[in-house]
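Position chain B against the provided structure of chain A, taking the given hints into account.
Protein chains: 2
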Amino acid sequence: MPPRARAPYRIAINVAGDIGPGAEARVAALDHGFLYGDSVYETVRTYRGAFFLLDRHLDRLQRSLDRVFIALPLDRRDLVAEVHRTVRAYRSLHSTEEDVAVRIVVSRGAGPIGLDFALCERSTYLIYVFELPRLPASLYASGVPVVISKVRRNHPRALDPGIKSGNFLNNILAYKDAKDAGAHEAITCAAEGYLAEGTTSNVFVVKEGLVWTPHAFGILDGITRAVVFEEGRAAGIPIGETNIPPEALFSADEAFITSSLKAVLGISHVNGRPVGAGRPGPITRRLHDLYMARVGRECAGPRAAEPARAAPAGS
Amino acid sequence: MPPRARAPYRIAINVAGDIGPGAEARVAALDHGFLYGDSVYETVRTYRGAFFLLDRHLDRLQRSLDRVFIALPLDRRDLVAEVHRTVRAYRSLHSTEEDVAVRIVVSRGAGPIGLDFALCERSTYLIYVFELPRLPASLYASGVPVVISKVRRNHPRALDPGIKSGNFLNNILAYKDAKDAGAHEAITCAAEGYLAEGTTSNVFVVKEGLVWTPHAFGILDGITRAVVFEEGRAAGIPIGETNIPPEALFSADEAFITSSLKAVLGISHVNGRPVGAGRPGPITRRLHDLYMARVGRECAGPRAAEPARAAPAGS
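For the protein sequence lines, the chains are A and B, in the order given. Under this note's numbering, think of the first position of the first sequence as 413, with each following residue one higher. Under this note's numbering, think of the first position of the second sequence as 413, with each following residue one higher.
If we strip away everything but chain A, and leave its shape as in the complex, we get (with noise of 0.2 Å):
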């Protein structure tokens, strides 16, 4: 068991409506998200109590909940309410202001056991907040181990990953790869054999002054991703993306993940190879660096958290 098992985890459960600590939330065990992992989520975090590009995250979920035929059981500006709802909740529960990370999740709901979409007849939600995985701030000046995983990364004919679904054993087994190896994170190939996407990251790669990222087709379209394609284009970064093999990763100058709780975080090594210097070299750094700024101007203070009020119905 390692420490964080056994630490006391805070969290705080909004199942439906209903706050709560997390070790008494429930959910129907004929849920077909328990049956089935038939749910979709988002994860988003804040930075100095506010939500970072929380629009674009509820704007994904919506994409996901279309593409698996279910229906949000909740307006959206009414989720927007309980997730800060259910912040206030966590922050009351465990006394603390600190930063959190949110989940939030979509599920089919309950019914007869079966396929058929229309055995359940209305889907629930479900609003974790907990507290944000511990990265020192040294795994940013030293980057992190990763490898590639022999775990393909689910087809994108038979579930396309850029499904935000809670369909999630391919990528755990990947992570596997990662704990056996003391790695940090798994990078997995798509069936064809380039490289797709970390478990929970996206992944890119330095070459010649060059960034490259695997295309936005079989993996998640992440949003840090984006962000980092914005910020770093506005700043004249050359991004683009295409197919790579999983050799270009041994051969790259630099090499990092992006994910919405890690930023982006340089790879030091591949397989137990370093990767160029073996550290996070300049454009990785910069990246990082013009991500936090872009974080820095919407995250303004704590007042961004709270959901915009009396705005005009219709505006």
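Take every hint as true, because none was put in to throw you off.
Intra- or inter-copy, both count: the list cannot distinguish identical chains.
Cross-link-like lysine to any residue pairs, in silico, SDA-like; alpha carbons within 25 Å at most:
no.: 1; residue 1: 588; residue 2: 554
no.: 2; residue 1: 562; residue 2: 628
no.: 3; residue 1: 562; residue 2: 474
no.: 4; residue 1: 562; residue 2: 572
no.: 5; residue 1: 562; residue 2: 630
no.: 6; residue 1: 562; residue 2: 688
no.: 7; residue 1: 562; residue 2: 627
Hint data in this document are derived by calculation from the structure and do not stem from the laboratory. Since this is a predicted model, take the numbers as computed values, not measurements.
Frame of chain A, contents of chain B only:
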């Protein structure tokens, strides 16, 4: 909403030892079975009150558990006792002696959010005892229409369909193709294009007296499928495994699907076109009869549903 969703649904659920009506059964919102579909399961049924091949299903459950690194949270003998106890509770709760379907789920258990197995200290189990899906006997005479789904089966190097897991969105999205076409089942192909399996069944084709089914790689190694091999071969019917292009379903003399809940069920149409004479042919009917004869031999009566008692330890 189809009528089934509104009809009283007869079910009893055992959640790690606590048995109750289905609507009241709950699991932890932090169970990784809910967060990630991180669970495995088996479905078995009774005939005349006796389980058919329960041991084989439990063997396969153990193989699935091993492949996703989940430990069974109780002794297998105790699990069997809990299955029987739940069946008795179902019969009492619903005042019925009818045959039942049983879904046995073993889930990773509850733990902090994250992909590391070690976050979950202990796996958990649930036993769902529920009414058998209503399949009119006439379906076995008429056969059922199926469609070839546009959804490909999960790639075995991504998430092997041989693992009977709670990651079922691939099947659910494929099943939608059947529902949309008014068909009974959707048959998926592997990424390479050959026939794989139905969403909850294996598929067979008959051509010129030979029975063929896809290789047991990249599909669930069905127990009904295995019994069809055993009984068919013993009766002198030639059955083999091969790569089957989907076109072969259209030109087959006969075709059928198999599953523990459906036994041997003839296919009448594929994508709206009749298979052979458009109803189950002689070999399909013969294999169905052979299967039911095997059921009759193994499930002699209600007493067979009770677990063996007083077996010496280690026997």
